[in-house]
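Colleague: In the order they appear, the protein sequences are chains B and G. Going by our numbering, the first residue of the first sequence is number 1, and it counts up by one from there. Going by our numbering, the first residue of the second sequence is number 230, and it counts up by one from there.
Read the hints as simulated data drawn from the structure, not as lab findings.
List of simulated lysine-lysine pairs, DSSO-like, C-alpha gap at most 30 angstroms:
#1 Lys138/B - Lys234/G
#2 Lys61/B - Lys27/B
#3 Lys252/G - Lys138/B
#4 Lys608/G - Lys138/B
A partial selection of chain B residues facing chain G, derived with a Cβ cut-off under 10 angstroms:
#5 Thr46
#6 Leu48
#7 Gly53
#8 Asp55
#9 Gly76
#10 Ala79
#11 Arg81
#12 Ala82
#13 Phe89
#14 Gln93
#15 Leu94
#16 Pro96
#17 Asn99
#18 Leu110
#19 His111
#20 Val196
For each residue, glycine too, the CB sits at the ideal point set by N, CA and C.
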Amino acid sequence: MIEASQLTKSVDTAEGILTILDSINLKVDAGESLAIVGASGSGKSTLLGILAGLDIPSSGKVVLANKDLTIMGEEGRAAVRAASVGFVFQSFQLLPGLNTIENVMLPLELHGVTDAEKKATDYLERVGLSHRLRHYPKQLSGGEQQRVAIARAFASEPDVLFADEPTGNLDTTTGAKVIELLFQLNQSQGTTLILVTHEMRLAQRCLRQVTLEAGKIVSDSAPSSHVLE
Amino acid sequence: MQQLKLALSWRLLWRNWRSGELKILAIALALAVAVVSAIAIFSSRLDQSLLRQSNTYLGADRVIAGRFDIPKDWQLEPQKFSLQQTTVTEFSSMIFAGDEMHLASVKAVGDKYPLRGTLAISDIPFALGEDIRIANTVPASGEVWVDSRLLPLMNLAIGDQLSVGNQDFLISQVVIREPDSNNGFSAFGPRVLMNQQDLAETGVIQPGSRVTYRWLLSGEEHNLNDFEQWVKPQLGDHYRLITIKNSQRSISSALDRGSSFLMLAAVIGVLLASVAIAIAAQQFAHRHVDQVALLKSLGASAFLVRQLYFTQLLMLGIIASLSGVFIGELIQTLIAKTILSFFSIELIAASWTAYAMGFVTGLLCLLCFALPPLWHLPKVSPLKVLRRELAVNTVALWVKGVLGIGAIVLLIWFYSGDSFITLSIVSGFAMVILLGAFIAWGLLHYTHQLGSKAGSFWRLALSNLERYRTQSITQILVFACALMLLMVLYAIRSNLIEEWRLQLPENAPNHFILNIAPYEIEPIEKIFTDSTLTPSPMYPMVLGRLTEKNTIKFTEQDRQRSNALRRELNLSWSDTLAPDNKIVDGQWWDSWKGTKNLPGVSVEAEEAGEIGLALGDVVTFSLGGLELKAEVASIRTVDWNAMTPNFYFLFSPGALDTYTANFLTSVFIPTDQKMLVNTLLKNYPTVVVIEVDRIIERIRTIVNQVSKGVELMLWLVLLGGVMVLIAAVNASMTNRMQETGLLRALGSGRQLILSSLAMEFATLGFIAGAIGVIGSEVLLLGLQFMVFEGPLKPHYELWLAGPLLGAGLIGLLGVISCRKAISVPPNIVLRELF
Chain B
1 MIEASQLTKS
11 VDTAEGILTI
21 LDSINLKVDA
31 GESLAIVGAS
41 GSGKSTLLGI
51 LAGLDIPSSG
61 KVVLANKDLT
71 IMGEEGRAAV
81 RAASVGFVFQ
91 SFQLLPGLNT
101 IENVMLPLEL
111 HGVTDAEKKA
121 TDYLERVGLS
131 HRLRHYPKQL
141 SGGEQQRVAI
151 ARAFASEPDV
161 LFADEPTGNL
171 DTTTGAKVIE
181 LLFQLNQSQG
191 TTLILVTHEM
201 RLAQRCLRQV
211 TLEAGKIVSD
221 SAPSSHVLE
Chain G
230 MQQLKLALSW
240 RLLWRNWRSG
250 ELKILAIALA
260 LAVAVVSAIA
270 IFSSRLDQSL
280 LRQSNTYLGA
290 DRVIAGRFDI
300 PKDWQLEPQK
310 FSLQQTTVTE
320 FSSMIFAGDE
330 MHLASVKAVG
340 DKYPLRGTLA
350 ISDIPFALGE
360 DIRIANTVPA
370 SGEVWVDSRL
380 LPLMNLAIGD
390 QLSVGNQDFL
400 ISQVVIREPD
410 SNNGFSAFGP
420 RVLMNQQDLA
430 ETGVIQPGSR
440 VTYRWLLSGE
450 EHNLNDFEQW
460 VKPQLGDHYR
470 LITIKNSQRS
480 ISSALDRGSS
490 FLMLAAVIGV
500 LLASVAIAIA
510 AQQFAHRHVD
520 QVALLKSLGA
530 SAFLVRQLYF
540 TQLLMLGIIA
550 SLSGVFIGEL
560 IQTLIAKTIL
570 SFFSIELIAA
580 SWTAYAMGFV
590 TGLLCLLCFA
600 LPPLWHLPKV
610 SPLKVLRREL
620 AVNTVALWVK
630 GVLGIGAIVL
640 LIWFYSGDSF
650 ITLSIVSGFA
660 MVILLGAFIA
670 WGLLHYTHQL
680 GSKAGSFWRL
690 ALSNLERYRT
700 QSITQILVFA
710 CALMLLMVLY
720 AIRSNLIEEW
730 RLQLPENAPN
740 HFILNIAPYE
750 IEPIEKIFTD
760 STLTPSPMYP
770 MVLGRLTEKN
780 TIKFTEQDRQ
790 RSNALRRELN
800 LSWSDTLAPD
810 NKIVDGQWWD
820 SWKGTKNLPG
830 VSVEAEEAGE
840 IGLALGDVVT
850 FSLGGLELKA
860 EVASIRTVDW
870 NAMTPNFYFL
880 FSPGALDTYT
890 ANFLTSVFIP
900 TDQKMLVNTL
910 LKNYPTVVVI
920 EVDRIIERIR
930 TIVNQVSKGV
940 ELMLWLVLLG
950 GVMVLIAAVN
960 ASMTNRMQET
970 GLLRALGSGR
980 QLILSSLAME
990 FATLGFIAGA
1000 IGVIGSEVLL
1010 LGLQFMVFEG
1020 PLKPHYELWL
1030 AGPLLGAGLI
1040 GLLGVISCRK
1050 AISVPPNIVL
1060 RELF
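In isolation and in its complexed conformation, chain B is listed as follows (with noise of 0.2 angstroms):
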């Protein structure tokens, strides 16, 4: 589904090149579910950015559903995105000015989908929200939001599913209920999910954990055959 061969990000500072990610190399499968850890400024969210065609690295190559991001301007991975890729973030995200289901419908509409009303009211059942369809974000807790936000993620039934730190804003029980969700549907429809989490129990759902220090990638639970050389 997705493999980055030798990839780097580099950035100039008033200390000179800074160095964010040092040649990592990462194959995920199909369905898989992808853990990537390291301590803060290891370079986690960097790479996420990169595998999900949201940035470009200074060198190196990134192939998503068949296409290489790495050879295609902004518009091309806009494409990507647009036809593969679903994303969950720490700060949730929501449009303020839009209510739930618009806030839902966004991406549908964005897409041309037609029925996406009836779409977007029926994945906020799925999470639980239908009573919630007319509130606006801030009327919505933490929690709440969150799962608005993985009912967005999932509406437009994406191959990738990328989370960054999705239980980072969230009180230890609401994010474990948030876990349980984001896990059940990722199931459900045979999303590929990688996500970005210094938190352990998280990181342990998934099938397989990447730790990052530095840049680099330091440990891979994976079968080695999944570890490009």
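Chain G: place on chain B using the hints.
Modeller: Using the frame of chain B, we list chain G on its own:
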């Protein structure tokens, strides 16, 4: 797909509107359009209505006058342009009744005469009040209507006969007033009005006769304009087009200056609203960076984002502009109803261009002021959903600056069509921005030092201003520009109205008495002094014809070019220069030294231009068969707005002493003493009285109407100013709410926060007001000098009012806008912001 995008844009627009993010943008836009529409529609209606009213002084909307009959094929044209037409033939002729004869001004009119205005007649000579009737027809064939004064002059009465040429006529009525009688002082003979049909029978018009043919036309303004386009190339040297603008200078000048002001108000209203639009769009763009990043992470391409946002903007533009036009229409209806009901003027519908102008303004403002702040949105990186700290590459400040200034120049030019207004406003802006930034920086520094020694809320307020210095300076500049424009408009309105009032003082002379013989001076003056009226001094007046320039006779071609060469001119002399006359070239008598040993003559500037006279030229006049040569000593401008006697040719003292002069005077006759005119004419039938009281009254009415309109516009534009202030205050609200929330969480009292906020905004307003005053004086200097031609004087009242008004208004708006931060529990404020 395209339809889907339109539907999606529409839904997004509706959602953005519902969330309140578009309100200031939409309101500012609608306000800009409303101001322009109201002004354009009202001006158009007023202009057209007043023009039509004024046209009663021409008897038509347009007149073509010439020395030859109007060609028959021309007379087929007006029908094609849906215009009404009639012809008038005027000439001087000796008329006879028994043994009596007299030189009369004969006017033969067509059946439809007059096309505008009314002809007042009576069965009783010198009739007044209820004895006067409005004529619905013209004299029947075989009849004439005559001036009252002709009857005592020739010992005639109504019902008697008189003859013009070969034809006898029955005197059936007296003419009391003609709509087009005030066209200069040339028609001295008493009027004889006859039917056009009888003209040929009289046999008085022979080849070479001195006749003026006038072709009267009326209709819708746009048809008249089309007709003008057709007729102008045909006129050649033999005919000229007369409009109210070139025949009644006083009226057209009042109208022009009123229109200039209204247009300036529109420009300022649009500029203010545009600043509000720019600020609101900036805010909108700022808040939508996250939304765009999200849309792009969800797979929206930059192209799609651009399409979605620009379509929303266009939809907003169309809706807000249409609403603006509608509001503008309501406002102008209100003005028309409340103000014009005092005056007996029937307003006609505005032209469609007035409505279109408002609508186009909306789209133009959006294009120039809302688009640049939003331009970068499609380029926001989708990575921002993961890394919020990622910088957004907005359009460079200098690009926005250039676009903004360009847009301002474009807008001012679009509305005023005047390079001086454009230059003045842009200089004012430049002055405020450059000088303002410098002064604001210094003042902020000084007030901070002052604040550190002051009480707690002062310290808090002033240190805040100093801490966000860039933001504070930007806000001061925006406030200063808004206040500057408001003060300029206020000052111009006051000057204009004051000037109009001075120009037509209550007891300005409203009657001109001409053709007074030297022996009549004393008794006529006695008539006035007995009635406690004070006529102006008697001006000597000699009739003469200009025949040569530098001993070369004027040709027929010259005469076709200049009206002054075709008729007898009123010549006078004076040792003092009238206050409304200005020498633009050469010298007045006290310092003039002639080189040709001839008397000097001072020529009115426009006339000199038309005839082609320059300093040192020798002109020859024929005065009753005698020849007078004079050297052009000076060229003079004359204020035709001042209702005082003025002459094209004024000679040096003594030059006219040997010629028989008649005298001219002017006097103010109040309405209740109007009978005096009849007494005068009955006793001295050769005297000519020109009544300008109706013109003066009309000008006064027009000026009053325009003044009221001007005042109302000022209030409307003030609303635009308040809009800018609200938008600018709102723009800094997030920071302030955050700070206020924190301060309250840390235990600061509401009183302290409220006072410090009030002080902070009031200080901003005070500094902005002070800078605005400087800018407005610069701008006024240009506008007064170049556009309104008023006296240049400082506006001391603004020097104090500007800063105080700024402090009060902005302090109040600031506190109102921040009230939520004070009344809502701090945890809610902070949760909403973080």
